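With the hints as a guide, bring both chains together as one complex.
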Amino acid sequence: MSLVTIIYGSLFYFATLILFIGLAYRVYEYASIPAPLKIPTPPAPKTKKGVAVRLFREVVLFESLFHSAKWTWLFGWLFHFALLLAFFRHLRYVTDPVWFWVSWEIVQAAGHYAAYMMLIGLFGLFARRVFVDRVRHISAPSDYLILVLIIGIALSGLLMKWFPTDIFALKQFFLGLIYFNWSELPSDFMLLIHLGLVLLLMIIFPYSKLLHAPGLFFSPTRNQTDTARDSRHIADWARKLES
Amino acid sequence: MAVKEFEKPELKEFTEVPKLENEATSHLAPFKSKEEFQSTLGYPGELVDNWEDAALDKMGDLLKKYRSLRVYLDSCIQCGACTDKCHYYLGTKDPSNMPVGRQNLLRSVYRRYFTLPGKYFPKLVGAIDLTKEVLDEWYSYYHQCSQCRRCAVFCPMGIDTAEISMAAREIMDSIGVGQKYCNEIIGKVHKIGNNLGLPEPALADTLEGLEEDVVDETEIDVKYPLDQKDSDVLLVTPSADFFAEPHVDGLIGYGKVFHQAGISWTLSSHASEAANFGMFIGSYANMRKLALRIREAALDLNVKRIVFGECGHAWRVAYSFLNTLAGPFDFLDPKYPVPQHICEVTYDLIQKKVLEFDKSANDDMVITYHDSCNVARASNMGDIIGGQFSIPRDIIKATSNHFYDMEESTIKEKTFCCGGGGGLLTDDLMELRMKGALPRMEALKRVVDDYGVTHMAAICAICKSQFSKALGYYGFEMDRIISLHQLVGNALIMNKKEL
Chain A
81 MSLVTIIYGS
91 LFYFATLILF
101 IGLAYRVYEY
111 ASIPAPLKIP
121 TPPAPKTKKG
131 VAVRLFREVV
141 LFESLFHSAK
151 WTWLFGWLFH
161 FALLLAFFRH
171 LRYVTDPVWF
181 WVSWEIVQAA
191 GHYAAYMMLI
201 GLFGLFARRV
211 FVDRVRHISA
221 PSDYLILVLI
231 IGIALSGLLM
241 KWFPTDIFAL
251 KQFFLGLIYF
261 NWSELPSDFM
271 LLIHLGLVLL
281 LMIIFPYSKL
291 LHAPGLFFSP
301 TRNQTDTARD
311 SRHIADWARK
321 LES
Chain B
3 MAVKEFEKPE
13 LKEFTEVPKL
23 ENEATSHLAP
33 FKSKEEFQST
43 LGYPGELVDN
53 WEDAALDKMG
63 DLLKKYRSLR
73 VYLDSCIQCG
83 ACTDKCHYYL
93 GTKDPSNMPV
103 GRQNLLRSVY
113 RRYFTLPGKY
123 FPKLVGAIDL
133 TKEVLDEWYS
143 YYHQCSQCRR
153 CAVFCPMGID
163 TAEISMAARE
173 IMDSIGVGQK
183 YCNEIIGKVH
193 KIGNNLGLPE
203 PALADTLEGL
213 EEDVVDETEI
223 DVKYPLDQKD
233 SDVLLVTPSA
243 DFFAEPHVDG
253 LIGYGKVFHQ
263 AGISWTLSSH
273 ASEAANFGMF
283 IGSYANMRKL
293 ALRIREAALD
303 LNVKRIVFGE
313 CGHAWRVAYS
323 FLNTLAGPFD
333 FLDPKYPVPQ
343 HICEVTYDLI
353 QKKVLEFDKS
363 ANDDMVITYH
373 DSCNVARASN
383 MGDIIGGQFS
393 IPRDIIKATS
403 NHFYDMEEST
413 IKEKTFCCGG
423 GGGLLTDDLM
433 ELRMKGALPR
443 MEALKRVVDD
453 YGVTHMAAIC
463 AICKSQFSKA
473 LGYYGFEMDR
483 IISLHQLVGN
493 ALIMNKKEL
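In order, the protein sequence lines correspond to chains A and B.
In case it helps, my numbering puts the first sequence at residues 81 to 323.
In case it helps, my numbering puts the second sequence at residues 3 to 501.
The set of hints was computed from the structure by calculation and includes no laboratory data.
All values reported here derive from a predicted model rather than from experimental measurement.
A few of these clues could be false.
Said to hold, decoys possible - Computed from the model, here is a short list of chain A residues facing chain B with C-beta under 7 Å: (1) Ala115; (2) Leu117; (3) Pro122; (4) Phe142; (5) Asp223; (6) Phe298; (7) Arg309.
Unchecked claim - Derived DSS-like pairs (lysine-lysine); straight-line CA-CA distance at most 25 Å: (8) B:Lys414 / A:Lys150; (9) B:Lys416 / B:Lys14; (10) A:Lys150 / B:Lys95; (11) B:Lys60 / A:Lys320; (12) B:Lys121 / B:Lys66; (13) A:Lys150 / B:Lys21.
What the hints assert, rightly or not - Selected chain A positions facing chain B (in silico; Cβ < 7 Å): (14) Ser144; (15) Leu145; (16) Ala149; (17) Asp213; (18) Arg214; (19) His217; (20) Tyr287; (21) His292; (22) Gly295; (23) Ser299; (24) Thr301; (25) Arg302; (26) Asp306; (27) Trp317.
Glycine residues also receive a C-beta, built at the ideal position from the N, C-alpha and C atoms.
This is chain B alone, in the form it adopts within the complex (with noise of 0.2 Å):
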């Protein structure tokens, strides 16, 4: 689908903090979910006749479900602090987008059913009552929201947005207003398996035809194993790396390293799927449904260790709710985390000179690395304070020689969304994603123009999809994105003598 007519956002040298206009972004909302895949995640097909009542029901039970929420709802002092912080603000300058004014549409309305003062001076506090032009606002402003936590960082109280958006997509659910691009795809999940509905047999087929390409490039027989019961490790990874371009180059790289290292590796054509979408929708149910696939897997497979793959969103649900969500896993090597990254593996495995590099592969690329959100905000690698943002930039620097980063207030925990996270990586959406894709692009720019970066290594599924857009939109090279894992596999040296 083409990106359709809208004003294109101007690279400046810095991010400037744009003046408001007011409802500049009210027009735009994704697809809304049909009955079909409502029904398949327990939620009415189409607004339900009470669905006022409905709603502030589902609100006062989440209150009580969700400390954050709660807590958030009470506690923000309006200071504005977090007003500049919103990529989605940056691009759009709607001030809906400012994390407070996203956050106030939920707390308006909370106010106004469960705090005295909304309750007899709605006026004085901003308290609002819940029509159908509040719930469409919802609908628009709460999918224009990654929930990549960027303003929680810097918020004095740690009021996170995320939070607030998926608590408000729970509501919209529970009453039957789903967004389509999130349901549609848990459904093929809880069907299938996978994101993209691949069935077993076609991902046998694709992995088939990897090894093949594989072996004609580099005269190594790697394996792409699926379903291969007793095998050390199960490898969940985003379904994306299966085909996608740049992804499947860092599917190449893993099997490269597990191959290198000899460890024994497998895909689950039941667990085919890294992404959980569960978390977007703010669903703990279907997060946990989601979940236990790849516990069953694991099970299933008689594996000793779970590995993740490179995607964001994955990799705090993985890291940081897994084990809360689908454990205990005490059927696992215990000489391990559960789960790992796969830049724990390859880090590790480099810090013991299992793998070792030929630099020079990669010397026709000077590499700048962009933080995925949720990997900076939302997880954790090594058992290392600040490891997720270490492990990557030690992995890069070990695979090649040029490594510059972005400007500070840009990357690490400070770092920009790709504009497309937390679901809303569908066309229907092309005109946020780009604005969105702003302030990173801004930042990208600079180290393009001063040191010379030709390409962007990410760890993210999203950001990788989002990216091949965003680059050719704003006039970089579309192949400017790459996996980090194809670094890796481009210049692992492996020892050629098995075939």
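Only chain A is shown next, with the shape it has when bound in the complex (with noise of 0.2 Å):
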């Protein structure tokens, strides 16, 4: 077994448990911090099902940013609808027999062209930050580097069209890390550039505003009914106070 092999399937354990235990415990805080007042935005649903239809186009359309600000939507949006195509495309190296909606033509296709589009709403987003003074102003080194990070893992992995690597054996050792059945990871430069920056994107993420996934579910202005005649709606630290 190769060092490199060694190295990376030790770090994709690593990542995984930070990405998902810290993830899962982020959840866990937020969940339990209660949220003691009614805060909902307008137009805000009356019922626990007009707020799963609000979330839905938030996470689905980004409707409140639409409305902000039409760059940053179409960029953002871009980038992230491009990482759900580019998401579905990578199933192939982890699922075995691969699922069959993942095999077909036009998943695998548009998640090839998904990486242009990511790198166009990214160059987009990195272009509004550089020359929009306000946002210029509220950048802090991390918010270009995750931006630099994120380029990063598309560039190399769209490169890898032209540095190809042995994807069976790239399979192979993902089963095994999976089955813990571990095989040799093919050495290829540009593969270890993306792999490597994959990892450090699944290391940061909860220790990052990328918690910006979860905290939107948590969001009390876009999650909460508009309820607040209807029934109390008191947190247990509160209730404290009426004894």
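Written out as structure tokens, the structure is:
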């Protein structure tokens, strides 16, 4: 077993633990902190079904962002949608047999072209950060670096079209990790860059602004029903004030 | 107090997003609260010795009590969508008045002490130590936020800067750095019952005078009762309604509505204030204590319904919080929501044809309507989605012939704050108030120019007071701001035979 395989294999276990345990812990934290008052913003739904529809529109269409900043919406949505398409394409490396819809030509082709879409979105977001004085003012080094990191992932992934690797061996490597029966990782330069950057992204996820992903679902202005007059909405710590 | 010298913003045809001017309003900060006002509310009188630790402890405490605070400090992607949405940024050009700029003042300290990357790589993630300079910035800029929530509507994550401003103010109060205006007023309500410190005899006198005025003017004996037990309705209204202009014309209107509908009603000297400044300082405990006065008054006066007068922040606390803070209200008539807004009452009576109007009584006015931020973005009316927008407009249309809305991006859920909300309606912040009114004034100017609008109606005591100043400042006539129930009172066809 090569050193590269041992390092990357171990790192994938480590990063996966950080990502899933870290995210699960954040979700647990968010869920266990009470929201002591009703603060939904309009148009506030009266029912839980209405809240589900509202969150769906926010998550899938970025509805609020569409109303506030069209360019940011365009670039942001392109990036996130491309990320989803790329994710679908990559499922073939970790499913065996490959799920039937993942092997569809359209899913694979879309996942490929998504790389271009993603880069357009990311460069757009980066340009906005550099050229719009208001956005430049609020940007910390980490805000640029996260964009650079994801651009690196997209670019290195795309470049593997011209710097190919043995994808059968690669798939064996990932299946080996999943079933605890390790096999060699091809040690092609571009692949190692690509995977290395993905590992970094997984590790920083629960410690960075990438927490906006679970955060949106816990945002009281978006996930609450507008039923304050119908029933009391009292937190445990607030109830103690009543005794 | 005169408006101090500062550059007057120019009214443009369309609101422009200005270029940044760093620290343009860093010199602005309201007067600090003295010991006597602090201690009434249970806060230290001056900056405590170990204030850094105490502030961080308080932040940690709030992070466990308010999901909004924790999730919003974590979830901002610094995308910049909010940067051009705050009226104070548009009016002052100060980047710390961009919603995200304001949030980052607290977020950078949160990151430093409560997150892993902030502890080990502070520069990388923009985390900073809590120093006296930072505290001063907090005091300045968290009192340049009117908690109007316009940014929260536009944020892709729904981050509500008001939640962060409230937390910051509570942290500061807890270490002895309070704002005079809010804390002095809350003390008055705890002691006397209203923001103005108007005791019961003075209030009774005022209402008697009001009754005489109405009789003189209309020859109808409309009553403005105080502490009348067993009335149907307890009306809770902002104390400005008792004598400030144009507020009092609204109160006259409520009285006419109740009179004509034959609903018995009363004001309370114990709960003679609708506004709840406990919200402005982010203090659940103070907000609850103020809200309980209303419950006590309702029980004491044995009423069947609670109705709120025209007051934006009061309606937020009433509609969204009152049941939680001071409920359950199972001793009231279950046929009516608790509490109700006076607009809901009037609207229902119009629907039932109990009230009829001679619209020509308002023909001397061409009217537009200012959606007050806390009504628009933090409440509802009529239990229909968007009712807080449609019901006031429907009342205006039922009582007058000439109504025009301002531009779509400045009304309803996108409305601009008047510039004086959230505990900032104080003379020591006059520069901020006038600059913050700019976007609303620009939108108003367009309907004045295009449709000949002469008057702007509002249903918030703060909006009315703030516009009384801002309209004059920007060259409009001062009396162009009116109470919505002034229109109702003007046009209501009253049954004269009773006198």
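Structure versus earlier hints, numbers of those that do not hold, lowest first: Result: no hint breaks.
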